[in-house]
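Visitor: Here the protein sequences come in this chain order: A and B.
With the first sequence counted from 1, adding 125 to any position gets you my numbering.
With the second sequence counted from 1, adding 129 to any position gets you my numbering.
Calculated from the structure, these hints are not laboratory results.
Warning: the hint list may mix true and false statements.
Restraint-style ranges between C-beta atoms, simulated for each label pair [what the hints assert, rightly or not]:
| # | chain 1 | residue 1 | chain 2 | residue 2 | range |
| --- | --- | --- | --- | --- | --- |
| 1 | B | 177 | A | 234 | 25 to 35 Å |
| 2 | A | 181 | B | 152 | 11 to 21 Å |
| 3 | B | 169 | A | 144 | 45 to 55 Å |
| 4 | A | 139 | B | 169 | 36 to 46 Å |
Derived contacts from chain B toward chain A, CB cut-off under 8 Å, selection only [stated by the list, open to error]:
| # | residue |
| --- | --- |
| 5 | 208 |
| 6 | 227 |
| 7 | 231 |
| 8 | 267 |
Don't be surprised by glycine CBs; every beta carbon is placed ideally from N, CA and C.
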Amino acid sequence: MKAYFGRRYMLSASHRLHSDALSADENRAAYGKCNNPHGHGHNYIVEVMAGGKVDPQTGMVVNLTVMDEVVRTRVLDRFDHSNLNQDLLFTQTVPTTENLCKAVYELLAGSLDPAQLIQVRVEETENNFFEYSGEAS
Amino acid sequence: MVFLTRRATFSASHYYWNDAWPAEKNEQVFGRCANRNGHGHNYTLEVTVAGVPDPVTGFVVDLKWLKDVIERDVLAAYDHRHLNLEVPEFSGKIPTSENIAVESWRRLEPAVTGAGGARLSRVRVYETPDIFAEYRGEQ
């Protein structure tokens with residue numbers, strides 16, 4: 126019996142959207158207020174969804190405490206109260222929330238055994254969010 | 130194909146306990162959820178059906194009908210109940226959010242399929258605003 130389990134976490138971080146491949150004018154045109162040289166911040170909601178067999182012994186797809194520990198050590202400890210632009214993952218890519226969503230997925234992939242990581246959703250504000258389910262989908 | 134979701138809420142108590150295990154293992158695996166006096170949640174149930182809108186009514190299903198089905202087949206059994214002690218399917222099965230999603234599906238599927246037109250696509254159960262489980266009818 127396959128089911129899914131999801132959990133929402135919050136992390137607060139700052140970022141600046143700026144591409145070295147673009148001129149100053151092009152950066153301002155592309156990113157607007159988000160190009161402010163001093164950066165700005167968000168309370169990001171990170172929603173992690175795992176899928177797998179419901180263990181008949183526990184009734185669980187994955188134990189919540191296992192997911193909490195994995196997400197804390199791999200994602201929250203890394204990004205919470207940080208400047209995303211300074212993270213090694215964003216030296217070559219702009220820390221848009223699209224790229225943050227992909228980065229969170231890659232950091233968590235394969236770590237929720239025996240469940241599989243199905244999807245990561247990152248909500249940047251109440252009005253915009255991004256989802257990533259791996260390259261295959 | 131259009132997906133239509135109806136949300137409903139119910140409040141219930143439960144605990145997590147596997148009778149095949151000693152108390153120490155239950156407490157280790159389930160933590161505070163193993164408290165045999167139980168604890169409770171305000172659950173939110175999201176029921177999603179999929180279908181082609183009827184050319185006359187424009188409905189995938191009538192929302193009022195779906196609301197009534199959810200109330201009759203799920204809420205009447207689960208709302209303001211102790212799930213372990215008062216709901217038959219949880220007498221031998223731990224009422225985790227995963228299992229509540231699976232069992233809610235089982236309760237809803239005959240009425241949705243029997244009505245013709247739409248099929249049950251997804252049942253999602255929020256235990257708190259930040260914790261949810263989902264069942265999509267997969268084996």
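Visitor: Would you mind marking each hint as holding or not holding in the structure?
Guide: Hints, verified against the model:
no., hint, verdict
1, B:177 with A:234: 25 to 35 Å, "26 Å, holds"
2, A:181 with B:152: 11 to 21 Å, "20 Å, holds"
3, B:169 with A:144: 45 to 55 Å, "50 Å, holds"
4, A:139 with B:169: 36 to 46 Å, "39 Å, holds"
5, 208, "20 Å, violated"
6, 227, "5 Å, holds"
7, 231, "6 Å, holds"
8, 267, "4 Å, holds"
Checked against the numbered hints given earlier, this structure breaks only hint 5.
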